[in-house]
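Line by line, the protein sequences give chains G and U. Quick note: the first sequence uses numbering that gives the first Met the number 0, first residue 0, plus one each step. Quick note: the second sequence uses numbering that gives the first Met the number 0, first residue 0, plus one each step.
Keep in mind that the hints were calculated from the coordinates and are not lab data. Even glycine gets a Cβ: it sits at the ideal position worked out from N, Cα and C. Some hints here could point you the wrong way.
[Stated by the list, open to error] Below 30 Å or equal to it, Euclidean Cα-Cα: the simulated DSS-like pairs (lysine-lysine) are: (1) U:Lys17 x U:Lys62; (2) G:Lys62 x G:Lys17; (3) U:Lys16 x G:Lys62; (4) U:Lys16 x G:Lys186; (5) G:Lys17 x U:Lys186; (6) G:Lys186 x U:Lys17; (7) G:Lys62 x U:Lys62; (8) G:Lys186 x U:Lys186; (9) U:Lys16 x U:Lys62; (10) G:Lys16 x U:Lys186; (11) G:Lys62 x G:Lys16; (12) U:Lys186 x G:Lys62.
[As the list claims (entries may be wrong)] A few chain G positions that, by computed beta-carbon distances, are all more than 12 Å from chain U: (13) Glu12; (14) Gly40; (15) Lys45; (16) Arg82; (17) Glu104; (18) Arg119; (19) Asn140; (20) Arg155.
2 protein chains.
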Amino acid sequence: MRENAKHPERHAERMRKKQAVMRERIERADKDQGVLLVLTGPGKGKSSSGFGMLARSLGHGYKVGVVQFIKGKFVTGEDRFFRDHPQVDYHVMGQGYTWDTQDRERDVAAAEAAWVEARRMLNDDSYHLVLLDELNIVLRNEYLDLDTVLDDLMNRPAMQHVVVTGRNAKQPLIDIADTVTEMQVVKHAFKDAGIRAQKGVEL
Amino acid sequence: MRENAKHPERHAERMRKKQAVMRERIERADKDQGVLLVLTGPGKGKSSSGFGMLARSLGHGYKVGVVQFIKGKFVTGEDRFFRDHPQVDYHVMGQGYTWDTQDRERDVAAAEAAWVEARRMLNDDSYHLVLLDELNIVLRNEYLDLDTVLDDLMNRPAMQHVVVTGRNAKQPLIDIADTVTEMQVVKHAFKDAGIRAQKGVEL
Numbered sequence: 000m001r002e003n004a005k006h007p008e009r010h011a012e013r014m015r016k017k018q019a020v021m022r023e024r025i026e027r028a029d030k031d032q033g034v035l036l037v038l039t040g041p042g043k044g045k046s047s048s049g050f051g052m053l054a055r056s057l058g059h060g061y062k063v064g065v066v067q068f069i070k071g072k073f074v075t076g077e078d079r080f081f082r083d084h085p086q087v088d089y090h091v092m093g094q095g096y097t098w099d100t101q102d103r104e105r106d107v108a109a110a111e112a113a114w115v116e117a118r119r120m121l122n123d124d125s126y127h128l129v130l131l132d133e134l135n136i137v138l139r140n141e142y143l144d145l146d147t148v149l150d151d152l153m154n155r156p157a158m159q160h161v162v163v164t165g166r167n168a169k170q171p172l173i174d175i176a177d178t179v180t181e182m183q184v185v186k187h188a189f190k191d192a193g194i195r196a197q198k199g200v201e202l
Numbered sequence: 000m001r002e003n004a005k006h007p008e009r010h011a012e013r014m015r016k017k018q019a020v021m022r023e024r025i026e027r028a029d030k031d032q033g034v035l036l037v038l039t040g041p042g043k044g045k046s047s048s049g050f051g052m053l054a055r056s057l058g059h060g061y062k063v064g065v066v067q068f069i070k071g072k073f074v075t076g077e078d079r080f081f082r083d084h085p086q087v088d089y090h091v092m093g094q095g096y097t098w099d100t101q102d103r104e105r106d107v108a109a110a111e112a113a114w115v116e117a118r119r120m121l122n123d124d125s126y127h128l129v130l131l132d133e134l135n136i137v138l139r140n141e142y143l144d145l146d147t148v149l150d151d152l153m154n155r156p157a158m159q160h161v162v163v164t165g166r167n168a169k170q171p172l173i174d175i176a177d178t179v180t181e182m183q184v185v186k187h188a189f190k191d192a193g194i195r196a197q198k199g200v201e202l
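Could you put together the complete structure from these sequences and hints?
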C-alpha cells in the first residue's frame with residue numbers, strides 16, 4: 000500500500016536529506032540525536048506509549064510539548080495528569096469549541112490551528128520531545144497538507160525527539176521516520192463482547 | 000508456538016473460570032470491570048505504553064502499583080517520574096543489590112521477592128491498576144512459577160486492571176488475558192546503524 004505525497008519532487012528532496020542525515024548519524028554513531036518515532040497499527044497502546052515516553056523525558060528533567068489531534072470533548076486521564084505539569088506545553092485540537100460536527104471546513108480549521116502550535120514546538124529546541132498524538136488520523140482525513148507536515152518534521156532541531164501516533168500512518172511519514180512500531184491486535188475480548196472502554200486504562 | 004503450563008489441570012480450571020467471568024461480563028456488558036492487558040512483541044513501546052496507562056489512571060485520581068522486573072542498575076526516566084508520586088506504589092526487582100550476575104539462584108530469589116510485592120497489590124482492591132513491567136521476560140526465563148503467577152492474576156479483585164509487558168508472552172498468559180497487543184518492528188533505523196538508545200525516549 001505504498002503511497003506518495005502529492006509533490007514527488009518534495010518527497011525526493013526529503014529522502015535525499017534523510018539519507019544525508021542518516022549518513023552523518025552513522026558516522027557519529029553512539030552520539031545523542033533526535034529520533035522520529037511513529038506508533039501506528041490497529042492494536043491498543045499507541046497513545047499511551049507516546050505518553051509513557053513523555054513521562055520518561057519529564058523524569059529526566061526535560062521540557063516537552065504535546066498536541067492532541069483528537070476529536071471529542073471528553074477529558075482524558077493523560078490530559079488531567081500532564082497538562083498542569085510545569086515542564087509540559089499541552090494543546091488539544093479544537094478545544095474551546097464543539098468538535099463533534101459534520102462541518103469539514105471547521106475540522107480543517109481546527110487541525111490547521113493545532114498545527115500552528117505543533118510547528119512552533121518543532122521550531123524550538125528547548126522542547127526535548129514533542130508528542131503529536133493521533134496526528135495520523137488527521138493526515139488520513141487530509142485535514143492537513145502532508146508535505147507541509149513532513150517538511151516541518153524534517154526541519155526540526157537535530158536533538159529533538161518527535162513521537163507521532165495514530166493508526167494508518169501515511170507511507171511518506173514512515174519513509175522519513177527513524178523507528179516505526181505497528182501495534183497488532185492479538186486479542187480484544189471486550190471489543191468483541193461490546194464492552195465499553197475502561198476509564199484509567201483506555202481513556 | 001502454543002505452549003501449555005506445567006499443570007494442565009490448573010490450566011483447564013483457569014480457562015473454565017475465565018469463561019465464566021467472560022459470560023458474566025457479557026451479561027453485564029457496558030459495566031466497568033478490571034481488564035488484563037498484555038503488551039508483547041519485539042517492537043518499541045511496550046513499557047512506555049504501560050506507563051502511559053499508569054498516567055491515565057493517576058489522572059483520574061486512582062492509586063496504582065508498579066513492579067518493574069528489569070535487570071540492571073540504571074535509573075530510568077519513568078522511575079524518576081513516577082516513584083515519588085503519592086498515589087504510586089513503586090517496586091523494582093532486585094533494587095538494593097547488584098543484579099548483573101550470572102547467579103541464577105540469586106535472580107530467582109530477586110524475582111520471587113518482587114512477586115511477593117506484586118501479589119500483595121493483586122490482593123488489594125485499593126489498587127486501580129497494577130503494572131507488571133517486563134514480567135514476560137522473567138516468565139520466559141522461568142524465574143517464577145507460571146501457574147502461581149496466572150492464579151494470582153485470575154484471583155485479583157474484579158475491578159482491578161493489570162498491564163503486563165515484555166516480549167515473548169507465554170501462551171497461557173495470553174489465554175487468560177482480555178486484550179493482547181503485539182508490537183511489531185516496521186523500521187528501526189538506529190538499531191541497524193548501531194546507535195545507542197536515546198535517554199528520555201527509550202530509557
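Enumerated hints in conflict with the structure, sorted upward: As far as the earlier hints go, 3, 14, 15, 16 are violated by this structure, in ascending order.
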